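Residue numbers (the working numbering), protein chains in the order written: chain A, 264 to 587; chain B, 494 to 809.
In short, the hints are calculated from the structure, not lab data. All figures in this text were calculated on a predicted structure; none of them were measured in a lab. For each residue, glycine too, the CB sits at the ideal point set by N, CA and C. Heads up, some of the hints might be wrong.
Here are the in silico distance ranges between beta carbons for each label pair [said to hold, decoys possible]:
#	chain 1	residue 1	chain 2	residue 2	range
1	B	Gln617	A	Gly415	23 to 33 Å
2	A	Val569	B	Pro608	55 to 65 Å
3	B	Gly618	A	Gly584	44 to 54 Å
4	B	Arg565	A	Gly415	42 to 52 Å
5	B	Phe795	A	Thr445	35 to 45 Å
6	B	Leu509	A	Ser519	56 to 66 Å
7	A	Thr445	B	Ile502	38 to 48 Å
8	B	Pro589	A	Thr434	58 to 68 Å
Chain by chain, the residues run as shown.
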Amino acid sequence: MSEILKLSDFSVSFDTPRGDLHAVRGVDLSIAKGESIGIVGESGSGKTVLSRATMGLMPSTATCTGTVEFKGAVISNLSRAEVRKNWGTGMAMVFQDPMTSLNPVRRIGSQLMEALIVRLGMSKDQARARSVELLERVRIPDPYAAMKKYPGELSGGMRQRIVIAIAIACTPELLFADEPTTALDVTVQAQVLELLAELRQEFNMAMILVTHDLGVVAGQTDRVIVMYAGQIVEAASTTDLFRNMKMPYTEALMKSIPRMDQSSGQRLRVITGRLPDPTTPEPGCSFAPRCEYATDKCRTEKPPLVTTQTGHQYRCFFPIGGSL
Amino acid sequence: MKKAQSLLIRFSQVALVLLGATFLVSILIRQLPGDVSLLINPVASEAERASLRHELGLDRNYFSAYWMWLSRMFQGDFGFFIFGGKVLPVLKTAIPPTLQLIFYTQIVALTVAVPLGVTSAYKQGTRFDRFTSTTLFSLSSIPNFGIGLILSLIIGVKIGILPPSGYKPISEGLLDHFRLMVLPVLTLAIAPISTYTRLLRAEMIGALREDYVLLALSKGLSDRRILLRHVLRPSCTTLMTSAALSMGGLIGGALVIEIIFVIPGMGTQLAKAIGMREFLAIQTYVAFIALFYITFNSIIDFLIGVVDPRTRNRRA
Ligand SMILES: Nc1ncnc2c1ncn2[C@@H]1O[C@H](COP(=O)(O)OP(=O)(O)OP(=O)(O)O)[C@@H](O)[C@H]1O
Ligand code: SF4
Ligand SMILES: [Mg+2]
Chain A
264 MSEILKLSDF
274 SVSFDTPRGD
284 LHAVRGVDLS
294 IAKGESIGIV
304 GESGSGKTVL
314 SRATMGLMPS
324 TATCTGTVEF
334 KGAVISNLSR
344 AEVRKNWGTG
354 MAMVFQDPMT
364 SLNPVRRIGS
374 QLMEALIVRL
384 GMSKDQARAR
394 SVELLERVRI
404 PDPYAAMKKY
414 PGELSGGMRQ
424 RIVIAIAIAC
434 TPELLFADEP
444 TTALDVTVQA
454 QVLELLAELR
464 QEFNMAMILV
474 THDLGVVAGQ
484 TDRVIVMYAG
494 QIVEAASTTD
504 LFRNMKMPYT
514 EALMKSIPRM
524 DQSSGQRLRV
534 ITGRLPDPTT
544 PEPGCSFAPR
554 CEYATDKCRT
564 EKPPLVTTQT
574 GHQYRCFFPI
584 GGSL
Chain B
494 MKKAQSLLIR
504 FSQVALVLLG
514 ATFLVSILIR
524 QLPGDVSLLI
534 NPVASEAERA
544 SLRHELGLDR
554 NYFSAYWMWL
564 SRMFQGDFGF
574 FIFGGKVLPV
584 LKTAIPPTLQ
594 LIFYTQIVAL
604 TVAVPLGVTS
614 AYKQGTRFDR
624 FTSTTLFSLS
634 SIPNFGIGLI
644 LSLIIGVKIG
654 ILPPSGYKPI
664 SEGLLDHFRL
674 MVLPVLTLAI
684 APISTYTRLL
694 RAEMIGALRE
704 DYVLLALSKG
714 LSDRRILLRH
724 VLRPSCTTLM
734 TSAALSMGGL
744 IGGALVIEII
754 FVIPGMGTQL
764 AKAIGMREFL
774 AIQTYVAFIA
784 LFYITFNSII
794 DFLIGVVDPR
804 TRNRRA
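Looking at chain B on its own, in the form it has when it is part of the complex:
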C-alpha cells in the first residue's frame, strides 16, 4: 500500500518534470530568430507558407502548439523534419550511442574513483594522497572539449593506437565498438572521477572518525575490512547522490563530446536540428534527454535506498 503510494508519487513527479521541461523548450524554440517558412522556401507563395506554419503549429498560441506536439507524441507520432523525413528513425539510431557514452562514463568514473578515494582517505596526507588530489584537480580544470581534442590528437592521430573519432554499434563487433569509445569516455570521465574521488575521500575521512569505526577497530578487525565494510558503505550514499547530480553535466558533456568524436548520437542530432530550426525534432529530442536524466536519477535514488537504510523512511 505504502509502496504503491510512493511509486505513484514518484511517477507523477517524473511526469510533471517531463511536461515542464518540454513546455519550456517549446516556448524557447519559438524565440529563435528567423521565420522558418521563409528559411525553407524563400520563393513560396503566401498560401504555401501559411499552410506550413499551420502544420508546425506556429500559427497557434504556446499552449495549443504544445498540446498539438504532446498529443501527437502520445499517438506515437514523434514529429517530422521540415526538410523531409520522420524523427522516429533518427531517434532510434541516435539514442543508443548517447546512452552508451553516459553509461560507460559513469562506470569508468566510479571504478576509478572508488579505489582512489578510499586509498586517499586511508593514506591521507601522504604523498600518494597529495599527488592524486593535485593531478585530479589540474585535469578537471581543463574543459571537456579541450581534453577531448587533446586526447584525440595525441593518442588518436599522433600515436595512433586508438581511432581518433567515429562510432560503431555493438552489432558491428564488440572490439571495434569499445576501441572507438575509449577516448570519448575517458574525456567525459575525468570531471566525475575528480568530483567523486574528492567527495569520497572527504566523506570517508569523516566516517573514519565515527565511533562505530572505533568499535569495529576494538573488535580486532583488519583495517582493510573496516574500510570496505564499515566506512565505504555509509559514504556511498553521498557518492551516489553526487553521481545523480552529475548526470545533468554528464549529459551536457556527452552532447558536446559527440560532436568532437563524430558520434551520431543525440548531441549531434540536436545540434543539427537547432541549426536547421527543426522545431518538432528539437522538442522531441529534449523530451528524451529529460527522460534520460530523470530515469537515471530515479534508479540512483532507488539504489541509495537499498544501500542506506537511513534514507528509506525519509524517501517514502
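Pulled out of the complex, with its shape left as it was, chain A reads as follows:
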C-alpha cells in the first residue's frame, strides 16, 4: 500500500502571552491510500491542532516543525498559496459544529457550487447539476429546494450532510473529519458516520476521524491513534487496540465510554484530574499525575514510544498486560 500522508517528528506550538504552548509534540504518523484512522483523546489533547496543522490551516501565531508529506511530496515548507492548491481537491475537512461551519448569509447552493466553479473550473450550470447530485448523494431530501435555502433553515444533521457534501465536492483523497458527530443527536450521529463510511469506500478516500469517543472509532476505522497532551501515547490496528490495550490512559478512556447495558442510574466514569498545562511540560510521563499505576520512575523519566513486533505502539513503562 502506498502512503498518502506521512508526518515525521511533527510539532506545533503557539506563541501565547503565557509562553510557548506545545499543542502537538513530535508526532510520527503515516496513512495509506484509502485507509481510515481514528485519533482519540480528551478535549485539549491536540487532535484538532494536529489535523488542522497537517492541512496547513493554522493561524500566524502557530509554529510548525517537522515534515508533512502528502502523496510523496513535502508540503510543510510550502507557501500558503502553494499548499492551498491541495485544499478541497487533495485534502478536505469536515468540522465539528455544523451550526457554525456554514456561512449563515449565503445559500446552500452557492456555498456548494463555489468550489466546483473556482477549483474545478465548472460552468455555473455544470456546478449546479453536480451540486444537486452531491446533495442527493448525502441524502438530502428535495435537493433542489435545499439549494435555495439558508443554513438557518436546516437541522443540524442536514447541515452536517451539506458540510460533508462540500468537503467531498472536489473528490479529495484524504478527508479530515474533526468530531463530525459530536454536535448531533445520537440517532443522527449513526447516520452521519454510516454516510462517511459509504463515501470513503465509494471514492476510495483515506479518512482521519477525530473524536474523543473510543466507541465511535471502533466501528469506523482500520487503525487508532490515542493522543495525550499533544503526543501519540498509543497506536495500533483497531482490533488490536480493543483486544490488547497497553496504555493506562487508553484504558481510562475506555472506561469512560457510556455503555448500553449499564443501568441508567450508574454514573459515567470519567478520568479524574486534568490535562497537564501545555505551556509547562511535565518532567516525566505526562499522564503520571492521573495514572493509577504511576511510580517514581514515571514522575521523573519520560517513557519512550515503544513498538512491538505486531506494530502496536505505546508510551508507557508499565503497559497493561506486561511489555511484549
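With chain A's structure known, arrange chain B with the ligands on it following the hints.
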C-alpha cells in the same frame, strides 16, 4: 398576508414617531422666551395682537394648537411666516440641498470605509492598520464645524482649487453642483468614515475567526474571495445598522455645516426660523427632518433584510 401585516405595523410606527416628534416640538417652541406678537409689532393694538395670537394658535392649549397645525398640514397647508409668505415654497427649495448633502455623505463614507475596514482587518496589526486607525481617530475627534472651517479656509480660500462656500442646484450644471458639494460632504463624511471603518474592522476580525471561514479556506478559495464573499457580507449587517444609527448625527451635522458653507438647505432655514420665532415654520421643518430620519432608517432596515437572511424572521 404576513408581508401586508408587517408593512402595516411599520407604517403605524412611522406615523407614531412623526406625531410624537412634532408634538414634542410644538410644546418646546412655546417655551421660547418672548411674546411673538410683541416682537412683530411693538406698536400694535391689543386687538391686533389678539388676532395674531389667535391665528398662530397661541391662545389655545397645547393639544388644540397642535391639532390646528396638523389638520392644516393634511390639507396641504404647510403654514405661513409671521413676517409674510408661505412655508411651502421655501421648503421646496430647502429640501433638495439637505437631502443631497446627506445622501452624498453616506455614499462617500461607505465607499471609503468599506475598503479601509476590509484591508485593516485583513492586515490587522500591520503598519497600514495602525496608521489608518490613528489617523481616523485623530480626525474624528475634531468637531464637524472645525473641520468645515479648516477645509473651507485652506482648500477653498488659500489653495483655491474648490469654491469655499455656496450652493448650485443640479439644474445649473452638474460640475458646478459637485464642485460646491465636495468640501461640505468631505467635512461631514469624516466622522462616519471613522465609525464605519472601526466597526467593520472589528466585525470582520471577529468573522475571520468563524468556522465558516475555515471551511471556506479548506475549500481552497483565495483570501480575496473569502474576504469579499464570506466575511464582508455577514459583517455588512452591523455596518448598515450603524449607518442607520448615524443618520441622526448626520442630519444634525448637515444642518450645522449648511450654515458654514452657506447652503440654503433645511439647516439654514431652520436657524433662520428659530431666530425669528417662526412657530409654524419650525414645526413643519422639524416634521420633515423627522420624516427624513425615519425614511432613511426604514430603507436601511429593508436592505439589511435583503443582505442578511438571519434578520428576516426577527424583523417581520
Ligand atoms: N489558536 C490557538 N492559540 C493558542 N492555543 C491554541 C490554539 N488552538 C488550540 N490551542 C491549544 O492547543 C491545545 C490543543 O487543542 P485542540 O483544540 O487541538 O484540542 P482537541 O484535542 O481538539 O480538543 P477538543 O476535543 O476540545 O476539540 C489546547 O491546549 C488549546 O488550548
Ligand atoms: S508511564 Fe507510568 S505514569 Fe505513564 S502511563 Fe505508564 S504507568 Fe502510567
Ligand atoms: Mg478539537
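Hint by hint, here is what the structure shows:
| no. | hint | verdict |
| --- | --- | --- |
| 1 | B:Gln617 with A:Gly415: 23 to 33 Å | holds (28 Å) |
| 2 | A:Val569 with B:Pro608: 55 to 65 Å | holds (58 Å) |
| 3 | B:Gly618 with A:Gly584: 44 to 54 Å | holds (53 Å) |
| 4 | B:Arg565 with A:Gly415: 42 to 52 Å | holds (49 Å) |
| 5 | B:Phe795 with A:Thr445: 35 to 45 Å | holds (39 Å) |
| 6 | B:Leu509 with A:Ser519: 56 to 66 Å | holds (59 Å) |
| 7 | A:Thr445 with B:Ile502: 38 to 48 Å | holds (41 Å) |
| 8 | B:Pro589 with A:Thr434: 58 to 68 Å | holds (59 Å) |
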